[in-house]
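> Below are the chains, spelled out letter by letter.
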Amino acid sequence: MTAAISVRNLSKTYATGFSALKDVNLDVRRGEIFALLGPNGAGKTTLISTICGIVRPTAGTVEVCGHDISKNYRAARSSIGLVPQELTTDAFETPWNTVAFSRGLFGKPANPAHIEDLLKRLSLWDKKDTQIRRLSGGMKRRVMIAKALSHEPTVVFLDEPSAGVDVALRTSMWEQIRELRATGVTIILTTHYLEEAEEIADRIGVIRKGELILTEDKTDLMKKLGKKELVIDLYEAMNSTPPSLAPYAPALHADGRQIVFTYDDRNGGIPQLLAALNASNIRYKDLSTRQSSLEDIFIHLVGQP
Amino acid sequence: MNHRAIGAIFNFEINRARRTIGQSIISPVLSTILYFIVFGAAIGGRIDAIEGVSYGAFIVPGLIMQTVLAQSISLASFAIYFPRFSGTIYELLSAPVSFAEVVTGYVGAAAVKALTIGLIILATSFFFVPIEILHPFWMLAFLFLTCITFCLLGFIIGIWADGFEQLQMIPLLVITPLSFLGGSFYSIKMLPEFWQNVSLLNPVVYLVSAFRWSFYGTADVAVGISLAVILAFLCISLAVIAWIFKTGYRLRN
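Residue numbers (this note's numbering), protein chains in the order written: chain A, 1 to 305; chain B, 306 to 558.
Simulated from the structure, these hints should not be mistaken for laboratory data. For glycine and all other residues, C-beta sits at the position ideal for the given N, C-alpha and C. Some hints here could point you the wrong way.
Unchecked claim - Covered stretches of chain B, as calculated for chain A (at least 3 residues, CB under 8 Å):
#1 317-326
#2 393-407
#3 446-452
To be verified - Listing some non-contacts, in silico: residues in chain A with all C-beta distances to chain B over 10 Å:
#4 Asn40
#5 Ser78
#6 Leu82
#7 Glu86
#8 Leu105
#9 Glu116
#10 Met222
#11 Leu274
#12 Leu287
#13 Ile299
Could you build all of it, start to finish, from the sequences and the hints given here?
This is how it looks when you write it as structure tokens:
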């Protein structure tokens, strides 16, 4: 089966000379949720805009569901639904009209039942005839999602979908994204909320200064680059750790009242560390573990949050 | 061809006109009717007939043409500028539509609105001044051509403009003077020879002259030349739009 998105050697240099994308290669599998992470100005929106046809690439090719975005732009774009970062809506239109417009624009015959279903699923049905300018920010965001889904796309781009929405709405949006994926739709999202990527993405891509520096399965990424730490609270403070613990590279914290071990499955994990502590006659009153988040990994990769 | 997209754009624009009917239709019609009342019914009776046509009736074709021209530019330029301004242009650029389809939708809707305004003004003028239309087919043809041509020009302005000030600049600083000096209120034959020749550089002269000919059979410029000039202007507008689409000027980075 062809990839949902296939990007090959994609570069974009603007007229100002700024290189927003540098030789990007990327495959997004059908039916997955792919999160594209990167600091501001890294090239996330340029990459999405290029795939969607808004920005012209300087070099390289892009295929959407096997259709080249230049040679077969109609088929390629028909497969795509885009929710841009900015809340750009027709302020004086109603949700019903603007969603119906989007469906027509993408060449689909009128289907009031589909639009009704969309608006109901996105909790917009009771606002269907209200001018969009009178809706809240969260509702406007949902109108934009409804527009993007109006033509039943198989690939959906969500550029910062949770920007400016409250926690409750964000959680409900994650649920909607999962529901969408369950219907076979491929989802590519960019986000600043790393817990969002951690929560819903199957795979992660990290872009920095126009270069895609990593694409990895989320679980593998967290296993590979994530750290697990065992924190031991001691009864008595120590000035230094005994030589018998040296193979486990302990670190003293909290004025010697805490020992922190970084561990993984290769060095035997928690049982072996505790056995080493007992063998050294070190008494402890409590222990806890912590695991680095995607945010820690991201900061490690790009050097900034 | 994505005919549904053309229909969607067209209907969207027509609905917008319905929603803002006072501003889109009634306002330009009312302004022009005031000219009929003042220059036709009130003052017109004291002004001599021009080329055998009463002054009130003489100015009707020019006034219609002047309004249609201004409205064509204004409606089409705003139609494409507003999505650029509000950011909703992203949807047009990412949709499976060709630029030709985008132009057909926007220019078609603007032209229909401008044509409607012209026909309403024409129908209303019968109440104020005695009108006859010798060549109804050509009258409609010139009106239609003017709507299409100047909607295309408006579309170009809407793409070019980088702010509301620029959007208004050409209509106010170029089109308005040209249309007032285009022979709407007088025959250019009434001018000294030098100014007659200068007037021939004004494209609006050809529009007004041809349109007035379709009413009364008299023209400042031969009808064939006027038709050729209008068609040439149409071709130039189409060529500029083709270039915009090819290069993505002000649309795609």
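> For A/Leu105, which was marked as not at the interface, is the minimum beta-carbon distance to chain B over 10 Å?
It is violated; A/Leu105 is separated from chain B by about 5 Å at its closest Cβ, not greater than 10 Å.
> May I ask you to check that A/Met222 keeps its beta-carbon over 10 Å from the closest beta-carbon of chain B?
holds, 33 Å
> Is A/Ser78 truly not at the interface, in the sense that its beta carbon sits beyond 10 Å from all beta carbons of chain B?
violated, 5 Å
> A/Leu287: least C-beta distance to chain B exceeds 10 Å?
Given that every Cβ of chain B is farther than 10 Å from that of A/Leu287, nearest at about 53 Å, it holds.
> Are there three or more residues in the segment 446-452 of chain B whose C-beta lies closer than 8 Å to some C-beta of chain A?
violated (count 0)
> Hey, does A/Ile299 actually stay past 10 Å from chain B on C-beta?
Per Cβ check, A/Ile299 is outside 10 Å of chain B; nearest 30 Å; holds.
> Using Cβ atoms and 10 Å as the threshold, tell me whether A/Glu116 really stays out of contact range of chain B.
It holds; A/Glu116 is separated from chain B by about 18 Å at its closest Cβ, greater than 10 Å.
> Grab the minimum beta-carbon distance between A/Leu274 and chain B and tell me whether it stays above 10 Å.
A/Leu274 is indeed farther than 10 Å from all Cβ atoms of chain B, at 57 Å.
> Count residues of the segment 317-326 of chain B with a Cβ under 8 Å from any Cβ of chain A, then say if the count reaches three.
holds (count 4)
> For the segment 393-407 of chain B, do three or more residues have a beta carbon lying closer than 8 Å to a beta carbon of chain A?
Contact hint for the segment 393-407 of chain B vs chain A: holds, 9 residues under 8 Å.
> Non-interface claim for A/Asn40: all C-beta distances to chain B beyond 10 Å?
holds, 18 Å
> Examine each Cβ of chain B, and state whether all of them lie more than 10 Å from the Cβ of A/Glu86.
Since the minimum Cβ distance to chain B is about 5 Å, A/Glu86 lies within 10 Å and the statement is violated.
Against the hints set out earlier in the document, violations occur for numbers 3, 5, 6, 7, 8.
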